[in-house]
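Using the sequences and the hints, build the whole thing.
There are 2 protein chains.
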Amino acid sequence: MPEAVPAAIRIDRPDDPRIAAYTDIRERDLVGRGRRFVAEGETVLAVLLRQRLHAIESLFILDKRLPLLAGLLARLPDGVPLYTASREVMDAVAGFPIHRGILAVGRRGEPGEAGAFLSRLPERALAVGLVGLANHDNVGGIFRNAAAFGADAVLLDGTSCDPLYRKAIRVSVGGALCVPFFRAASAHALVDVLEGAGFAVLAFSPRGREELSALTPPARAALLLGTEGPGLPDDVLARCRTVSIPMHGAFDSLNVATTSGIALHHLALHHLALHHPVSRSAPR
Amino acid sequence: MPEAVPAAIRIDRPDDPRIAAYTDIRERDLVGRGRRFVAEGETVLAVLLRQRLHAIESLFILDKRLPLLAGLLARLPDGVPLYTASREVMDAVAGFPIHRGILAVGRRGEPGEAGAFLSRLPERALAVGLVGLANHDNVGGIFRNAAAFGADAVLLDGTSCDPLYRKAIRVSVGGALCVPFFRAASAHALVDVLEGAGFAVLAFSPRGREELSALTPPARAALLLGTEGPGLPDDVLARCRTVSIPMHGAFDSLNVATTSGIALHHLALHHLALHHPVSRSAPR
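One line per chain: the protein sequences are A and B, in this order. Taking the UniProt record's numbering, the leading residue of the first sequence gets 1, the next gets one more, and so forth. Taking the UniProt record's numbering, the leading residue of the second sequence gets 1, the next gets one more, and so forth.
Hints were generated in silico from the structure; no laboratory data involved. All figures in this text were calculated on a predicted structure; none of them were measured in a lab. Each hint should be verified, as a subset may be incorrect.
[Said to hold, decoys possible] Computed footprint of chain A on chain B, listed as stretches where at least three residues anywhere in the stretch have a Cβ under 8 angstroms from a Cβ of chain A: (1) 110-117; (2) 238-248; (3) 261-268.
[What the hints assert, rightly or not] Here are a few chain A residues that sit away from chain B, every Cβ distance over 10 angstroms (derived from the structure): (4) Ile9; (5) Arg33; (6) Leu53; (7) Lys64; (8) Arg87; (9) Arg100.
Positions of the beta carbon are idealized from the N, C-alpha and C atoms, including for glycine.
So this is what it looks like as structure tokens:
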């Protein structure tokens, strides 16, 4: 039986006010969208449709893509408009070629208070803290890994970039949409809230005293990551357990997103087998 | 005692034939440079100066940067010209702003024959095989991890991109310059040469039969990675040991460079402590 695809609303003019949220996408990336965000591509759309942290305001899909997306679009909540247009109109609205022809505008959920959220997590839980991570590729990559290994939450200090920036969502393959995240005013405030919820904070640094592979994760473990160059501030390292990943000879340190993947893989092995249903990806 | 910095040759005109190899850098990225490659930035330059796989043809450094680079430049081999220019001239030569003001042109070393190289490695050794990896960010990221964890060699099939493409070198933070790499005509030829040198080939796939964390690496281990979408071809998987990294729920697979980092970290723990002098990065 074919699935029920919601009726699409045809847009014929780039200046149609109903798709105003999709105009000049790149320029608005720079100035920000307040509580809104833009997601793009089929994989990210699939995550957006199954997550419950953020609301979907509308979709804007290239007309030729509609039949191929029927399975996904059947999951669109009632009352959310589905707009469609020709390639010419869609590209004129966005201001550049939308090759994949799949756009969505969402509205951020209220994250609530980090301490309360963390306290309600199961006895065994896994969190990530980010300090000074201003690069969207790195933050996107970290959220991708956080989702892949089932992290329960990400905390970001005030100088880290927005996980719902368009490029960060894309690089995260939707991980930024489905892992709850919270802001802290500073690196110390971030550590305070984790410790207040009973998390042992494992600060990653080339100078770390413990080696990752030898570490048995605490019941509630939080990995703390800083920028690739300067790393975490000394006064933050001083108050945490510090962990290193041994490397070969004199080579420069690892990329921070890669570091998050290695650390989460190790912590998840000990952790998530107990806490989450870890399963392999489906064959493809 | 101040180090001896080689005398710099001043370039005053963008059309000076001595710096012809630095003209129109982006356009030449696309058409290729034959046996030459371009490296950029201070960290990559430091790797270029200490590796012995490839020759340095010349350096081209912004005049204002020379005093700050004295320590590095003292390592320049005798007879290699060091060109310098004002920002205006340098940007006009390159065709776009060279913010860091550090460029080098190298000439690829002759890699020799992969099988012979692999056979000469120590009894315990670690290699990486790449199949169909056409993305410079991913290949650069994999070389960064290969260098960080002391992999002995990387083999690439004919459809994988050039590790000495300018962006791949940059993303690798110089790893592409210091890890020996070889081409194979096909994925099967690549597996053949690894097996011929006594390497057990561990093919990574979400469908892999063994879990990475449970795997004790063979003396000579090669990890084989395919593209993120289709993955390794079925007939390649069928002839290899297959390895998976368990993930949480239905989330999409990991980025391939992140996968290489997780895999190399695990294999290096068992491996390199015996084979290489593994040490922490210097404090900074």
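| For this structure, which hints from the list above don't hold up? | Structure breaks hint 1 only.
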